[in-house]
Amino acid sequence: MSEAMMAADGTPLKRSLARALRRQKLRALGLIAPLLVFVVITFIVPIGSMLFRSVENDIVSNTLPMTVQSLARWDASSGALPDEAVYEAMYFDMFLAAEAKRHTRLGTRLNYEQTGLSSLFRQSGRALDDIGKETQRPLEKLNKAWKDGETWHMLFNATSSADTNAALLSAQRARIARLTDTPANQEVNFAPSTAATALLPKTGRAYTAWAVYVATQDGRDPATRDPWEAVATALALDLKTVDVSGYSGPGAELLVEAQSADLPVPALSAAFADMDEDWATDVPWKTIQTHSGIYTSGYFLNAVDAQKTPDGVAWQPDDKQILQKLFGRTIWMSLMITFSCIALGYPIAWLLANLPMRKANLLLILVLLPFWTSLLVRTSAWKVMLQQQGVINDVLVWIGLVDDANRLIMINNQFGTIVAMTHILLPFMILPMYSVMQTIPPSYLRAAKSLGATNWTAFWRVYFPQSVPGIGAGSILVFILAIGYYITPEIVGGTKGVFISNRIAYHISSSLNWGLAAALGSILLAAVLVLYWAYDKIVGIDNVKLG
Amino acid sequence: MGLPPYATLGQRIWYYSFRIICGLIFFFLVAPIVVVMPLSFNAQDFFTFTPEMLRLDPAGYSLKHYEDFFTNPQWQLAMKNSLIIAPLATIISVSLGTLAAIGLSQSHVPFKGPIMAILISPMIVPLIISATGMFFFYAQLGNWMEGTLGLDKGFVGYVKVVLAHAVLGIPFVIITVTATLVGFDRSLTRAAANMGAGPVTTFFRVQMPLILPGVISGGLFAFITSFDEVVVVLFVGSASQKTLPWQMFIGLREQISPTILAVATILVVISIALLATVELLRRRSERLRGMSPG
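Protein chains in written order, with my numbering: chain L, 107 to 653; chain G, 1012 to 1305.
Source of the hints: derived by calculation from the structure; they are not laboratory data.
Glycine included, C-beta positions come from ideal geometry on N, C-alpha and C.
Now the stretches of chain L that chain G is said to cover, found in silico as 3 or more residues with beta-carbon under 8 Å:
#1 127 to 138
#2 459 to 473
#3 486 to 493
#4 592 to 600
#5 608 to 616
#6 620 to 627
Here are the computed lysine-lysine pairs in the DSS-like style, where the Cα-Cα straight-line distance is at most 27 Å:
#7 L:LYS239 x L:LYS253
#8 L:LYS253 x L:LYS346
#9 G:LYS1123 x L:LYS131
#10 L:LYS207 x L:LYS392
#11 L:LYS346 x L:LYS250
#12 L:LYS643 x G:LYS1123
#13 L:LYS346 x L:LYS239
#14 L:LYS247 x L:LYS346
#15 L:LYS120 x G:LYS1123
#16 L:LYS555 x L:LYS465
#17 L:LYS207 x G:LYS1164
#18 G:LYS1091 x G:LYS1075
Using the sequences and the hints given, assemble the complete structure.
Below, the structure written as structure tokens:
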């Protein structure tokens, strides 16, 4: 019997079966693949992008690349202010950012960590031009040629391809692209000259950045346009430190003339302190240094009322601690809703399970009707019912239970949210309970009673333990749905009856603190996934039934 | 579970009070929906019953809120958008979902657990989180479609909302169709193949008619999901894609106009019709599979 069994076509049976199985698997995967790809692209990737955004923090290093670099060498704990080089880097970074109108975004970002930085950045962006003017004016007075864009272009444009400083050009392209979030690879009518940029490094960098910016963002020709004030400042700074007398490139005589004129150079640290005295403190510098990483835990810390400070993690000031309370309230209200649903759903499920089929099906329609009705219809109905001039108050006034002057306040508070959400989620409690209770044989209760148990003992010792799985399934389902609810609390919850989800929506659409919204969402998602995992263990993913 | 003739007084009291409690809970379930309907015929712009209405005076009733709904361009735009977005989203989720459900119900599916988890996830993840994620991602997708593909802005807006709604409806299609396929007799497809039918013919002539009730009720769920969805459309769409729920939500958050109640009544009537359809389909499907008519 050593001979292997053969299939009809002569291949060994084992291999033939394996091939058939493989084909079957591939066919199944082939049928699933289109949908899987669709769900991954339209759903999983967006969720992933949200998770990523909760730790993403490249805005600081994209907006202030040189500052971040030179600040890294500064010892924040020394008590001394950063040196002149940091102020210089900040000046050039800020100037470019202000031209691209990106400095306010960075200010808003840093303001989440340190109040006041938003206005500091906004004001400084406006005042920066004045610093440059102080050098630009004397330069232009010295020789009118400096007013002309072509002079600058002639000075820095490479005369031959061998002279081109390609590294500088591509570095500035990348910098502009990161700063503006738009590609910066269009044609620029300028190639920095290696000789000129080696002689005047700061001016070369500032001019190249300017040229790339106007060509790629404004679509203008740098050869004919006058550069920003910052380029004149850079030239003045360069002329203080280098000797141009030996230079023989284009425009050498202009440079020699400018150097001999001894142009005024602004002391940038003093100029910054002039703009706003906050720049003469270590507060903004510490904040920038602490939050200069490409990834941050800052949003997650903010989401639990803590913050990242230069001295490590610390709690937010008391008046800003609202999110922990909101998380607590979300959980507490969701529990209240779950318990209300158990209390109201259990009798109904019991009644449905013990009535004859025909009657039970009729009553089931009363449960399914709200389940099928539009969520907004039910929410608007509750708004109509609960308002001070609403139906419930009218009825209470009419039967004399409540005085017309003291109508009950039942909306825009926790009570309104709990009542409306209990109503909305009740079917999700009743249906799983009902399906569990249907499987409990009524003869058990009769047997218990015939053995001498009272009604209560029979129920509590025999029936109730068997119905617990239904309660568990319904409770987890209701709780999962409740903690992520947005619409109903938004409409009937006012300010006191809202959930963490309303805060997420607020940060998305009003405060525009998207990182914090993403961090709050990630925490909520983690909580829901843990609960869902528990649901899967208790009930099973395949037992999800609809209608 | 009638009351036995030998029941004591206490048992009688409990029996009737339990019925009353259940009646009150049913009242709680249905009252808000029932209250909305007569109020939508209010002749005044109030959200409560006027004395005329309580006297059943015909002067207290009018159709003016319905008239407003059918003539107001805002509501008409919202209705038109809902009727464009929901069917398109449903078509995508039903076609892809049915195909995948058939794949999932094969006997040997590798990685069935993780695949199922991914496909069901749009139903598990709270809407606000889906909406947040989609808000970030679909904005970039929209920019890419407008910028690189050069598509029209309005068109891109609809594409974004339809895609978002389609993915939200998919779990419902998967669940209902796989549930129908559980009872599907595999020997039928083999018999069809035996008689010379190709896989496509077998699918449309044998399998499809049998699982059709499940497909349709999954489609109805997907339709309702899209038709009733507001969070994602608020985050992903723009004002020109506003749907009926969007318009209702805005109306409720700001000053609520009684037209909302007229719309609500229309939607309740639609949901009753859908509920009846699903119930009939469920019974038909169980009959076809030889189970009890329920």
